[in-house]
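> For chain V, the structure is supplied; the task is to place chain G with the ligands on it using the hints.
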Amino acid sequence: MKERIIGRVKRVNGPVLIVKDITNAMMMEMVRIGEQQLVGEVVKLYDGLATVQVYEDATGICPGDNVYGSGMSLSVELAPGLIGTIYDGIQRPLEKLMEASGAFISRGLSYDAVDHGKQWEFTPVVEAGTIVYAGMVIATVEETSRVQHRIIIPPQYQEATLSEIVPAGSYTVDEVIATLVLPDGKQQKITMVQKWPIRIPRPVASRLALKQPLVTGLRVIDTLFPLAKGGTVAIPGGFGTGKTMTQHSIAQWCDADIIVYIGCGERGNEMTDVLREFPLLVDPRTGQSLMERTILIANTSNMPVSAREASIYTGITMAEYYRDQGYHVAIMADSTSRWAEALRELSGRMEEMPAEEGFPAYLPTRIAQFYERAGFMRNLSGSDGSVSIIGAVSPPGGDFSEPVTQHTKRFVRCFWGLDRQLASSRHYPAISWLDSYSEYLGDVTQWWNDHSDGSWYENRLRIMDLLQKEVRLQQIVKLVGPDALPDTQNFILEVCSLFKTAFLQQNAFDEVDRFCSVEKQVKMLAVILAYYEKGMEAINKGVPMVKIRRLRAVQEMARMRLTVKGDELDKIDKIQLRLERSIDQIGGIYEN
Amino acid sequence: MKTNTESLMAQSDRRLLSGREYRGASRIDGPLVYMRNTHPVGFGELVEVVTPDGARRSGQVLDTSDEVVVVQVFEGTDSLTLPGTGMRFMGEPLTLPVSEQMLGRVMNGLGKSRDGSGTIHGFAERDVNGVPINPTAREYPRDFIQTGISVIDGMTTLIQGQKLPIFSGNGLDHNQLAAQIARQAKVRGSEGDFCIVFAAMGVKHDVARFFTNSFEESGVLDNVALFLSLADDPSIERTITPKTALTLAEHLAFDKGKQVLVIMTDMTNYCESLREIGTMRGEIPSRKGYPGYLYSNLAEIYERSGKITGKSGSITQLPILSMPNDDISHPVPDLTGYITEGQIVFERGMQARGIYPPINCLPSLSRLMKDGIGEGMTREDHPHLANQLFASYSHVKDVQNLASVIGEEELTTLDQQYLEFGNFFEKRFVNQGFDEDRSIEQTLDLGWDALGKLPSEELQRLSDEEIAEHYGR
Ligand SMILES: Nc1ncnc2c1ncn2[C@@H]1O[C@H](COP(=O)(O)OP(=O)(O)O)[C@@H](O)[C@H]1O
Ligand SMILES: [Mg+2]
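If you read the protein sequences in the order shown, they are chains V and G.
The numbering of the first sequence is the working numbering, which starts it at 1 and goes up by one.
The numbering of the second sequence is the working numbering, which starts it at 593 and goes up by one.
Just chain V, same shape as in the assembly:
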């Protein structure tokens, strides 16, 4: 890529270059810099100059170095072979980089995102002569044992005649598999690879209403603060409050078809952890390895800052591509704050006027644009697919009033606030039941009614109400001690405390507890509410609270999340039976 010189370096200030003698550079054009061929992107053009962002460490770049244009916006390669791969922020496969440069990442390397030598089993689903249109599926490829890759007509060809399509067989992604005749009579050859500029959303036919929850297997989320498929959520929290663990858990257990996990400016070992663990974990729904549906993007905190800014877009573009094939994709970005800080750093080096806390004035626009790429869509092909975004936010000092948290809150409809106090007392996930909210409750109620006994909405309200009451009662206790409260009120505290340990807490490291099916969640909540009803009745009859909380069945309830496996849910029914019976028994003694 040294054909077209678009200019020469004038100034190097870290990852931001000023390039002079600009001839015909394009905005957002991908460029290569100097003899080392470092990757960069044009972000500003003015007065014969360009500002270029470098996606690799800028050491050694020198005034006078040539800048070569690629004639193309910074794009990703979309083709079979993405799944199961780990990429850097600009879609270079890290395994390949390791083969080339060993344990430490060298600069100036370039690799295809997918293996161009690999043969795929290709099965056409349309015949030559068909009129095809943008987004239409023309063939399928078994990408992994779990994901069927659907080869679609690239969005730029609105309508065309498929003049040729190769028969079923093995092909590489570079081989021509079809030929289109465009309306103007031109022939267009098609391979299995598409390129798409990362900063431009892929087109869809229309947005649909959100109706299904993204079932995560985390009780506090599914039962209390559900996320809808196609929805957006922010997880803000100080360090160590559980952002990454929550995202990992969702990536592992949620019912999306495809996961795109972006480690954006976070720890190297966390990506290693995912790489090591996911292949060994088995999806409870399909019985297949979790890596078979996962794409990873790693721009760890010590990797170049500008690639961090790009990594978010690289990820969402791949997510949209699978959505276009009719899949439900969940994308996790850990952490969007690092992305915003990358924006800030680059903006600072470009000497732009800062707005709040040094962030550029366009921060809210960028955040909005990112979250707007989520949605439940009617694809161009007529199929439905969704992209759900789960974004971690890392507020400085854990203070949610800072700009990134505040602006993010404006553009997401679900909020899982992590609480430092809960985390330090090892209440995990430390999602606060007081600060968090979900605007998807109404959207997903019908789904819950169709998929469980219809008690979800009502029972959720009841327990939330108790939790609110608890706050007021706790305030009284803090002033005068628990003895001042009557047993009827102390029992509310008791039930809430049980609900927290038995239901809200969920240990991500426990084989049984880490994933909780919707059925189990419904039963667990029901038995806890039954405890409240029955216990309250008994207390009203004069039974002292201590007698009730010491019951064997209550102890069993406290541990049911750990002891009752997914396929033995009748054990919860039995606990409930024993509980009701033993409360009735004590009640009987006091009645007379």
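Worth flagging that the hints you see were computed from the coordinates, not collected in a lab.
It is possible that part of the hints are untrue.
What the hints assert, rightly or not - Simulated crosslink set (PhoX-like; lysine-lysine; CA at most 20 Å straight-line):
no., chain 1, residue 1, chain 2, residue 2
1, G, LYS778, G, LYS848
2, G, LYS989, V, LYS478
3, V, LYS534, V, LYS500
4, V, LYS118, V, LYS96
5, V, LYS10, V, LYS44
6, G, LYS989, V, LYS500
Please read all numbers here as calculations on a predicted model, not as lab measurements.
Chain G with the ligands only, in chain V's frame:
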């Protein structure tokens, strides 16, 4: 591929020109020197600065353009003059010649001898700024390091290859603790080739002496490389010291297969020096005047730890930082906590109550603990036991608050039991001697002794079997 002759010529010109000396700076501002009319100089290049009296200092290019090159001088700009300052641009990045012979030596922040025993010979040149480790090449750390300190081993277990900072405050016992860890740390069942790299940034001479003495007393001094940039050394030197130290650590761990413990103190001084440079350059600051890139900058230090697949060595980092005003939300501890794999948090109140080490385990955390403890590593009851101790101890804090309002006598019997548990936990489990080296079994048994103060129904994080086996024995 078409090559561009002009640019090739420029490249070879540059190679010829590198090493050529320019004289006369256009501006000197704090640690920064501005030089005009040079040949094109690469970003990040190593610079040799020649003082008016002919002495040599090291610097690095911070900003380069057609018109002017900005160089930061690591040994400070004292006594430089505009006309008398010379500069040679070396045409290569800042590297450090490293070797095992640096063990047992005392050096300055740039790796030059400061112990008077002659020049330091290095063989391998390594990039001081480091190169990111490919996440696919990392090996997830999981080997338990027994420090012999109960609250660490039991509650915030240190793992070989981890970066685990100590968040402390002025006047607290962090140096004692770091020295004790350095003395006692071992991976049980392996006779690893162990060594220490010590980096001091802006600390006082007696702190440096304390560590040297402590290493000497325990007979490990020959296995320690000390990089000292003390309180009266130029502040700018602190910005390179941890990087120099880690460059050696990487050589020892990944070329020589050693288990390296890197102690860095005090990271707050390092950050302050960065802030100084940022302000000097008129950069837009973020919180408390610290530069917006502080996070990435710290990450470039802290991420230089861990293990690499196929290599036997490891780098374990134990950075020490003082929290200004004991404020954990101050940018330095805050950003550190976002990067490191946990934190050990000191509490002034505990030290006042005579507890050593004064670690509050509730805000403390070891993120790598989960894979390094339990059956076959420490003991099978360890994960649940630690969980239970955390849960119960956090309830103690609530009870203490309540007791301070309504009085201890008014507490329920159960809450009084919690107070007793809390007392035992702090005074017997956490508290220990400077020289007391407890085995992990002793630590866990002490944990069970503490739980013995509570009725067994309260122990919901433990399984019935674990309670049957250990409770009340
Ligand atoms: N659901 C959970 N179950 C068990 N432990 C958890 C859970 N969530 C968080 N933790 C603990 O908290 C630590 C920090 O969590 P992490 O997600 O890494 O925090 P953050 O990303 O917010 O800094 C983890 O290392 C783990 O020990
Ligand atoms: Mg995290």
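> Each of the hints needs a verdict: does it hold here or not?
Going down the list of hints, with the structure as the test:
{"no.": "1", "hint": "LYS778(G) <-> LYS848(G)", "result": "holds (19 Å)"}
{"no.": "2", "hint": "LYS989(G) <-> LYS478(V)", "result": "holds (13 Å)"}
{"no.": "3", "hint": "LYS534(V) <-> LYS500(V)", "result": "holds (19 Å)"}
{"no.": "4", "hint": "LYS118(V) <-> LYS96(V)", "result": "holds (14 Å)"}
{"no.": "5", "hint": "LYS10(V) <-> LYS44(V)", "result": "holds (14 Å)"}
{"no.": "6", "hint": "LYS989(G) <-> LYS500(V)", "result": "holds (18 Å)"}
When each numbered hint is compared with the structure, no violation occurs for any of them.
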